[in-house]
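**Student:** What follows is the residue order along each chain.
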Amino acid sequence: MSHREAAVIMKRELRAYFTSPVAYIVIALFLVFNGFFFFKDFFYFRQAEMRSFFQRLPLFFAVFVPALTMRLFSEEKHSGSIEILLTMPVTTYDAVIGKFLAGSVFAALSLAPTLLYMITVIFVGSPDPGPLLGGYIGALFLGASYAAIGVCVSSSTKNQVTAFIIALAVNLTLWLMSNVTVFLPSKLRFLEYFGIDFHFQNIAKGLIDFRDLVYFLSIIVIAVIAAVKIIDERKK
Amino acid sequence: MISASNLTKYYGDFRAVNNISFSINEGEITGLLGPNGAGKTTTLRMLTCYLKPTQGTILIDNVKTSENPLKVKELIGYLPESAPIYGDMIVYDYLLYAASLRGITDSEKKIAEIALLCGIREVMHKNISELSKGYKQRVGLAHAMLHDPKILILDEPTSGLDPNQIIEIRRLIKEIGKRKTVILSTHILSEVEATCDRVIIINNGNIAADDYTANLHSSSARQNRIIVKITGADYGALSRTLASIDGAGPVEELHGGALTGASVAVSAGKDIRPDIFNAVKENGWTLYEMALEQQSLESIFRQLTTGGENHES
Ligand SMILES: Nc1ncnc2c1ncn2[C@@H]1O[C@H](COP(=O)(O)OP(=O)(O)OP(=O)(O)O)[C@@H](O)[C@H]1O
Ligand SMILES: [Mg+2]
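The listed protein sequences derive, respectively, from chains A and B.
Mapped onto the numbering used here, the consecutive letters of the first sequence carry residue numbers 247 to 482.
Mapped onto the numbering used here, the consecutive letters of the second sequence carry residue numbers 4 to 316.
Hints are not guaranteed to be accurate.
Unchecked claim - One side only, chain A facing chain B, incomplete, derived with CB under 8 Å:
no., residue
1, R250
2, L332
3, K475
To be verified - Just so you have them, the derived chain B footprint on chain A, three or more residues with Cβ under 8 Å:
no., stretch
4, 259 to 271
5, 362 to 371
6, 396 to 402
Hints are computed from structural coordinates only; laboratory data are not their basis.
In this text the structure is predicted, and so the values were computed from the model without any measurement.
Idealized CB from N, CA, C, for every residue including glycine.
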């Protein structure tokens with residue numbers, strides 16, 4: 247594995263995002279949805295806060311990130327360009343990490359316009375900086391984890407719609423694990439720790455705990471390794 | 004330069020390539036020839052480290068593909084079947100991307116050189132998805148040659164091109180082949196005759212023939228046929244007479260026309276036309292036509308790849 251190759255692949259993918267209308271549409275939808283909720287709270291409840299934005303984010307990203315990552319490998323498998331990519335002097339790791347980084351960076355960039363909310367909140371109220379900072383740091387990890395899952399799923403199919411649906415299902419399962427455990431018998435409550443929302447909300451409180459970071463990093467590492475295995479499976 | 008020994012490739016239970024071995028010398032242009040589904044693409048994909056052989060080893064410039072695929076991929080320039088290159092980029096950006104992925108330093112100069120060589124200068128700022136098939140193929144070729152590889156592997160480089168472009172690309176391959184080792188796959192025989200020094204005919208995953216194109220023409224295993232058309236006898240009499248001539252092979256009837264026609268097989272290098280002429284004269288028949296029909300590479304290919312007699316190389 248080498249940094250240069252992964253970086254070149256990442257740059258190409260980011261460029262592809264900015265030349266395709268799909269990415270803009272997805273970002274616009276993301277902003278419209280979030281903006282709607284944010285300004286509803288703002289004008290209707292006269293509340294200027296980002297807590298509810300961060301509360302919704304794990305669910306929103308669960309839908310939004312797969313829409314960004316679905317094409318990363320599926321499109322290459324569909325068009326056959328993956329054969330050119332993998333016969334250049336790059337390892338499968340370079341390819342997977344390059345694409346994973348592109349998805350994560352693009353998810354992070356899509357958060358940039360929401361800094362506007364933050365500015366609004368800072369001007370209007372006197373927010374505690376911890377949760378704001380924690381919220382954004384958590385959002386980066388959240389986006390990267392979903393992106394890793396999305397890349398992994400995308401590596402397994404030629405069909406982008408299938409890639410989207412499966413990644414969405416995986417993300418929602420992770421999300422639900424944090425949110426349905428209240429209905430489960432207490433013996434099963436431990437499942438909450440596997441839920442993504444649980445860890446995100448911990449960080450978004452402004453407490454950056456080693457264990458929460460380990461959770462996100464494990465998702466990323468497992469998904470990346472799985473993607474490499476899936477792609478190398480074709481060689482057999 | 005390239006040596007493959009006992010290559011076998013299974014897709015699940017299906018054996019696409021069956022224990023083939025060949026070696027290719029530096030500076031040769033080799034054609035991998037075979038009908039659809041013969042295993043050409045599979046073989047090339049194993050050479051380029053895209054697929055792992057189920058069995059067997061491949062040495063590229065003395066590097067084992069299984070041990071150092073990165074090194075092998077650096078040595079090879081590869082044009083996959085139908086040049087599947089990214090549609091969402093302009094040609095120039097695509098080549099620049101490939102150059103930086105390969106760590107080429109003077110990429111602008113390299114791209115300019117290759118663009119000139121492959122005749123793509125006028126499409127450098129077009130979107131790849133908008134290119135015609137021929138230009139896309141050329142961009143794929145430019146991509147394959149960008150890093151000045153020692154070995155060029157081209158999977159059906161001329162498929163889908165118009166006749167002018169076919170000639171152009173073949174000329175280009177010959178030009179490149181003066182300095183590099185080239186393997187190309189095709190199912191067009193004339194392509195091999197026109198461009199390759201050497202041909203490996205592959206069928207059902209087996210090597211059916213492996214020889215220099217020049218030798219294939221004069222190979223003594225080949226059979227020619229002599230066409231004889233006469234009047235004065237029926238086919239039965241004619242065929243008995245022809246078959247009795249020393250050196251004649253099986254006789255077949257030729258239908259059509261008022262003449263009695265037969266075609267008789269003879270091995271190449273043996274000419275029995277004088278004997279036929281004498282036999283016809285002795286019988287008092289009238290000879291209207293006698294012609295030696297050299298077996299074309301086309302028919303050798305057909306014979307080798309449709310389960311004909313000669314299956315071993
Ligand atoms: N990924 C795959 N999975 C299963 N079978 C495959 C796969 N790829 C190829 N095959 C089969 O292996 C055989 C050889 O295929 P290959 O693509 O190597 O043929 P080819 O000589 O390149 O043919 P063509 O001239 O049509 O390109 C075919 O029967 C094909 O159906
Ligand atoms: Mg093929």
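**Student:** Looking back at the hints listed earlier, which ones does the structure fail to meet?
**Tutor:** Failing hints, ascending: 3, 5, 6.
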